[in-house]
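Chain order of the listed sequences is A and B. Following this note's numbering from start to finish, the first sequence increments by one per residue and tops out at 518. Following this note's numbering from start to finish, the second sequence increments by one per residue and tops out at 518.
I should point out that these hints are in silico values taken from the structure, not numbers from a laboratory. Since the structure is predicted, the reported quantities are computational estimates derived from the model, not experimental observations. Check before you lean on any hint, since a few could be wrong.
Remember, identical chains collapse to one label, so a pair may be satisfied in a single copy or spanning two.
Result set (DSSO-like, lysine-lysine): computed pairs, CA atoms no more than 27 Å apart in a straight line [to be verified]:
#, residue 1, residue 2
1, LYS294, LYS333
2, LYS211, LYS294
3, LYS211, LYS332
4, LYS198, LYS243
5, LYS446, LYS478
6, LYS67, LYS162
7, LYS211, LYS279
8, LYS243, LYS464
9, LYS332, LYS279
10, LYS211, LYS264
11, LYS332, LYS198
12, LYS243, LYS211
13, LYS90, LYS128
14, LYS502, LYS333
15, LYS243, LYS471
There are 2 protein chains.
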Amino acid sequence: MITSRSSAAARACARSPLLRPVQHQRRSLATVSSTLFPGEPSAPHLVTSAIPGPKSKELSEGIGTFQENRAHGFVVDYAKSQGNWIADADGNVLLDMFAQIASIAIGYNNPDLIALAKTDEFITATMNRAALGSFPPTNWQELVETGLGTVKPKGLSQVMTAMCGSCANEIAFKAAFMAYRARERGDKADFTADEMQSCMKNQSPGSPDLSILSFTSAFHGRLFGSLSATRSKAIHKLDIPSFNWPVVAWPDVKYPFSQNARENAEAEKASLAAVEEAIVSSTKAGSSYGPVAALIVEPIQSEGGDNHASPAFFQGLRDVTKKHGVFLIVDEVQTGVGATGSFWAHERWNLTTPPDFVTFSKKMQAAGFYHNVETRPSLPYRNYNTWMGDPTRTLQARQIIRTIQDHGLVQKTDEVGNYVYKALYDMIENGAGRGKVEKLRGENAGTFLAFDGKTPEVRDKLIMEMRKQGIHMGGCGEKTVRLRPMLVFEHKHADLFLEKLEKAFGQL
Amino acid sequence: MITSRSSAAARACARSPLLRPVQHQRRSLATVSSTLFPGEPSAPHLVTSAIPGPKSKELSEGIGTFQENRAHGFVVDYAKSQGNWIADADGNVLLDMFAQIASIAIGYNNPDLIALAKTDEFITATMNRAALGSFPPTNWQELVETGLGTVKPKGLSQVMTAMCGSCANEIAFKAAFMAYRARERGDKADFTADEMQSCMKNQSPGSPDLSILSFTSAFHGRLFGSLSATRSKAIHKLDIPSFNWPVVAWPDVKYPFSQNARENAEAEKASLAAVEEAIVSSTKAGSSYGPVAALIVEPIQSEGGDNHASPAFFQGLRDVTKKHGVFLIVDEVQTGVGATGSFWAHERWNLTTPPDFVTFSKKMQAAGFYHNVETRPSLPYRNYNTWMGDPTRTLQARQIIRTIQDHGLVQKTDEVGNYVYKALYDMIENGAGRGKVEKLRGENAGTFLAFDGKTPEVRDKLIMEMRKQGIHMGGCGEKTVRLRPMLVFEHKHADLFLEKLEKAFGQL
Chain A
11 MITSRSSAAA RACARSPLLR PVQHQRRSLA TVSSTLFPGE PSAPHLVTSA
61 IPGPKSKELS EGIGTFQENR AHGFVVDYAK SQGNWIADAD GNVLLDMFAQ
111 IASIAIGYNN PDLIALAKTD EFITATMNRA ALGSFPPTNW QELVETGLGT
161 VKPKGLSQVM TAMCGSCANE IAFKAAFMAY RARERGDKAD FTADEMQSCM
211 KNQSPGSPDL SILSFTSAFH GRLFGSLSAT RSKAIHKLDI PSFNWPVVAW
261 PDVKYPFSQN ARENAEAEKA SLAAVEEAIV SSTKAGSSYG PVAALIVEPI
311 QSEGGDNHAS PAFFQGLRDV TKKHGVFLIV DEVQTGVGAT GSFWAHERWN
361 LTTPPDFVTF SKKMQAAGFY HNVETRPSLP YRNYNTWMGD PTRTLQARQI
411 IRTIQDHGLV QKTDEVGNYV YKALYDMIEN GAGRGKVEKL RGENAGTFLA
461 FDGKTPEVRD KLIMEMRKQG IHMGGCGEKT VRLRPMLVFE HKHADLFLEK
511 LEKAFGQL
Chain B
11 MITSRSSAAA RACARSPLLR PVQHQRRSLA TVSSTLFPGE PSAPHLVTSA
61 IPGPKSKELS EGIGTFQENR AHGFVVDYAK SQGNWIADAD GNVLLDMFAQ
111 IASIAIGYNN PDLIALAKTD EFITATMNRA ALGSFPPTNW QELVETGLGT
161 VKPKGLSQVM TAMCGSCANE IAFKAAFMAY RARERGDKAD FTADEMQSCM
211 KNQSPGSPDL SILSFTSAFH GRLFGSLSAT RSKAIHKLDI PSFNWPVVAW
261 PDVKYPFSQN ARENAEAEKA SLAAVEEAIV SSTKAGSSYG PVAALIVEPI
311 QSEGGDNHAS PAFFQGLRDV TKKHGVFLIV DEVQTGVGAT GSFWAHERWN
361 LTTPPDFVTF SKKMQAAGFY HNVETRPSLP YRNYNTWMGD PTRTLQARQI
411 IRTIQDHGLV QKTDEVGNYV YKALYDMIEN GAGRGKVEKL RGENAGTFLA
461 FDGKTPEVRD KLIMEMRKQG IHMGGCGEKT VRLRPMLVFE HKHADLFLEK
511 LEKAFGQL
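Pulled out of the complex, with its shape left as it was, chain A reads as follows (with noise of 0.2 Å):
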């Protein structure tokens, strides 16, 4: 059993000389938590017997009175949550690894963000909301140009700010259907007044039928473009009117992913030649639906069950589309601002040239997407709103940013991330998860891992012993575990977590 992390890292060592710099590494970065959390707890305080409580029940049903409360986990105390430590209404402390649905970056109630709240800057911000795309404040180009604009993606100039991934990837594919009409329609082309009189009826040539590619198992968001792009689960879809969009199958690869790599290969070679035979087709007589403006991919699909593909994937991707003329949007919603081990996930594609939009919104708390300039509209009015973002999230996402920055968390979590992927290894392939769960996930990912119960019930199961044991996780897919820790979880919250999973296996 491991009981510390001195033998849970001498164990993966033994396995992986590789690991032996990270060990390195990490003792001269040890102290982040505990320098931002002094009063970071240590372990898990339990004082129900279940989870949620009878404090959190009665809260939850209160809040039945007025909305719907059946998805609720349990009702939280975020005065008293610490670091990685969500409190609840009845008391209990658990290791938060879950984060908000992978939304919180830097810890509860990091004083970098606490002391932000208090200036003048943020409090002038929030309380005087600009419609940001015609009364900007003064200070909107030097908070964007040392914020969002310090973490632009490479070869990506521009940022368009939004309120949330839905609205992100909508507008990005707003920006790219209106790039893909001024191609078709040359630069100088004005509108027709035929373009101008059946747009005004929802009718093609003016609103045309042109369509986004995505995969299936993808999650884009849940409005009426993203959800049609949107495959991960019925319950997500049923009953809306969705737009006709082609879906291609994600490739159908095995985990471990690099122990399968000829397979895998194979798998990705399928998909991306169904990708080109979905964008050809689509332009085809009696094709059933529109010309493919764009493709949108999660660079690990999340909310569809934490599914992986390899750079070699990505960069056919980019090949494909180039080629064809599609735009290629990376959704970097849940992946982005570090948790994968690098800032932005596709940068471990190396790509030969960059995406064109860039989406992202979660852990930035801000919203909205990066592009360049040849993806901006023909003219101003055309992807506008009244608020264009939010000022308060942009001031807390640059935050954010310089948080992460001082003290190094995505080399950090790059480095846990090794960690924790070498014991979970150890403990499914020879441990006490072997028989239990499978398909570990996230090499070379950061802490962005997962892995499979062997039924959607012993998924269950082991997510509501883990929270017996003071671990909160979150499910995704039909019966996987996701882990999505803060960037401020460290090799000691790896090691209590690690301890506690063996504990539960053993209760499975």
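Start from chain A and add chain B according to the hints.
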């Protein structure tokens, strides 16, 4: 020429004895803005010969290096803006009657909001953003019930929060589609295997071909579902794929509204008949669009040109939708929160049964919709997303509502609106505006006032002339000036506006 409140009031009174009670009320409430904003200017302060001035232009060009800047009006110094007054980057200070596209309710740097920003409750909620649908904070019920809950439209018990107006409308659409299909399916029926499978391919029956019916010149947002219901301008819709949803002509009414009551009633009758025809034909074989599940309507069409209709028209819409089992969505994104002289514009219709959904955003700062238990989805996770709204903006909404109530700002807006309407009526019928502008709208609609330039050029010139006079206004539709002052816009501001408007007319 109108040079003071008393002369303007005297003139208005001479025309209408109805104004006198308003005059009386006015005195007792006259100090709200001076109480809240003791430093509020009493006159515009203009330091550059044109707005945007050189500093605004320079900052706007800087922003233009990384995002669209062609819709910029001017760059704003929000820290120096006060109450009804907006300060720009060059030091110009203007009376703001556009209010961030109708989204600032209670004045810039309102002390109640600044105080809120400094509370622990606000800081905790903002810097530890909850996934509200799964991990709500302990104070969520209390927060909603003492804020958004206190202004629930009559007959609606439920509230779902969202991110912005487009998002609020789309999530209401989703709720309407789910409830429509649930009724067709019957209470106990599960989803069929065919539904579960077909929705994953964006095909019916799982992704049903259902419609939202909207009106010509309507504006309901700019994401893919909401944009399909939007019919404001081609520039909002061009190149974006749309759902093939139906549209009915807004009643072709004449203004001033009450002076054309008989013709307007006929026009409304024709529109109601067209609505019924669109609904009935949607379920017939051969319909070019799917069955209408919901009708969405603004109490006053705002972006589309400030188009009005009578309470009888809206009662007619409620009757015809009720008759045919179509949900009625009232989009109060721009009309809501007091500007029309009642908290919700639709209150004045005195409907026999409430709308099914009332959506809000803008002045509320929080977004979402009110509805009833009957339109809750059958299962959790169906109308769900990561954030499910924003606790920060929900706290802000509560304070905005409290400040409105504490200072009687809805009643005040009603009174000031009546006062301005009457003065504008005189100015347009018999005064400086005659022959230059026409079609005054907003009798008994608070400060939600509008009139048309004789031509689009006259409208544009008037807005620029007013800016030179230190009054910031906005347009809408093809040639409309819309007044969208805040709820702290009082008689003294109205008099200044009327004085400058008279001057500006002289320059046209």
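Status of each hint after checking the structure:
Proximity of LYS294 to LYS333 under the C-alpha cut-off of 27 Å is restricted to the intra-copy arrangement: shortest distance 17 Å within a copy versus 45 Å between copies. Within a single copy, LYS211 and LYS294 get their C-alpha atoms as close as 25 Å, and across copies as close as 20 Å, so both meet the 27 Å cut-off. Taking identical chains as interchangeable, the C-alpha atoms of LYS211 and LYS332 lie at most 27 Å apart only when they sit on different chains, with a minimum of 26 Å there against 33 Å within one chain. In this homomeric assembly, LYS198 and LYS243 come within 27 Å of each other (Cα to Cα) only across copies, at 21 Å, whereas the closest approach inside a single copy is 43 Å.
Only within a single protomer do LYS446 and LYS478 lie at most 27 Å apart by alpha-carbon distance; the minimum there is 18 Å, versus 74 Å between protomers. When the C-alpha separation of LYS67 and LYS162 is checked against a cutoff of 27 Å, the pair qualifies only between copies, where the shortest distance is 25 Å, while the shortest distance within a copy is 43 Å. Taking the shortest Cα distances, LYS211 and LYS279 sit within 27 Å of each other only across copies (22 Å), while inside one copy they are farther apart (42 Å). Within a single copy, LYS243 and LYS464 get their C-alpha atoms as close as 19 Å, which meets the 27 Å cut-off; across copies the closest is 54 Å, which misses it.
For the homomeric pair LYS332 and LYS279, the shortest alpha-carbon distance inside one copy (17 Å) is at most 27 Å, but the shortest distance between copies (54 Å) is not. For the homomeric pair LYS211 and LYS264, the shortest alpha-carbon distance between copies (24 Å) is at most 27 Å, but the shortest distance inside one copy (48 Å) is not. When the C-alpha separation of LYS332 and LYS198 is checked against a cutoff of 27 Å, the pair qualifies only within one copy, where the shortest distance is 23 Å, while the shortest distance between copies is 49 Å. Taking the shortest Cα distances, LYS243 and LYS211 sit within 27 Å of each other only across copies (11 Å), while inside one copy they are farther apart (32 Å).
Taking identical chains as interchangeable, the C-alpha atoms of LYS90 and LYS128 lie at most 27 Å apart whether they share a chain (19 Å) or sit on different chains (18 Å). Taking CA atoms no more than 27 Å apart as the test, LYS502 paired with LYS333 passes in neither setting, with 48 Å inside one copy and 64 Å between copies. In this homomeric assembly, LYS243 and LYS471 come within 27 Å of each other (Cα to Cα) only inside a single copy, at 21 Å, whereas the closest approach across copies is 54 Å.
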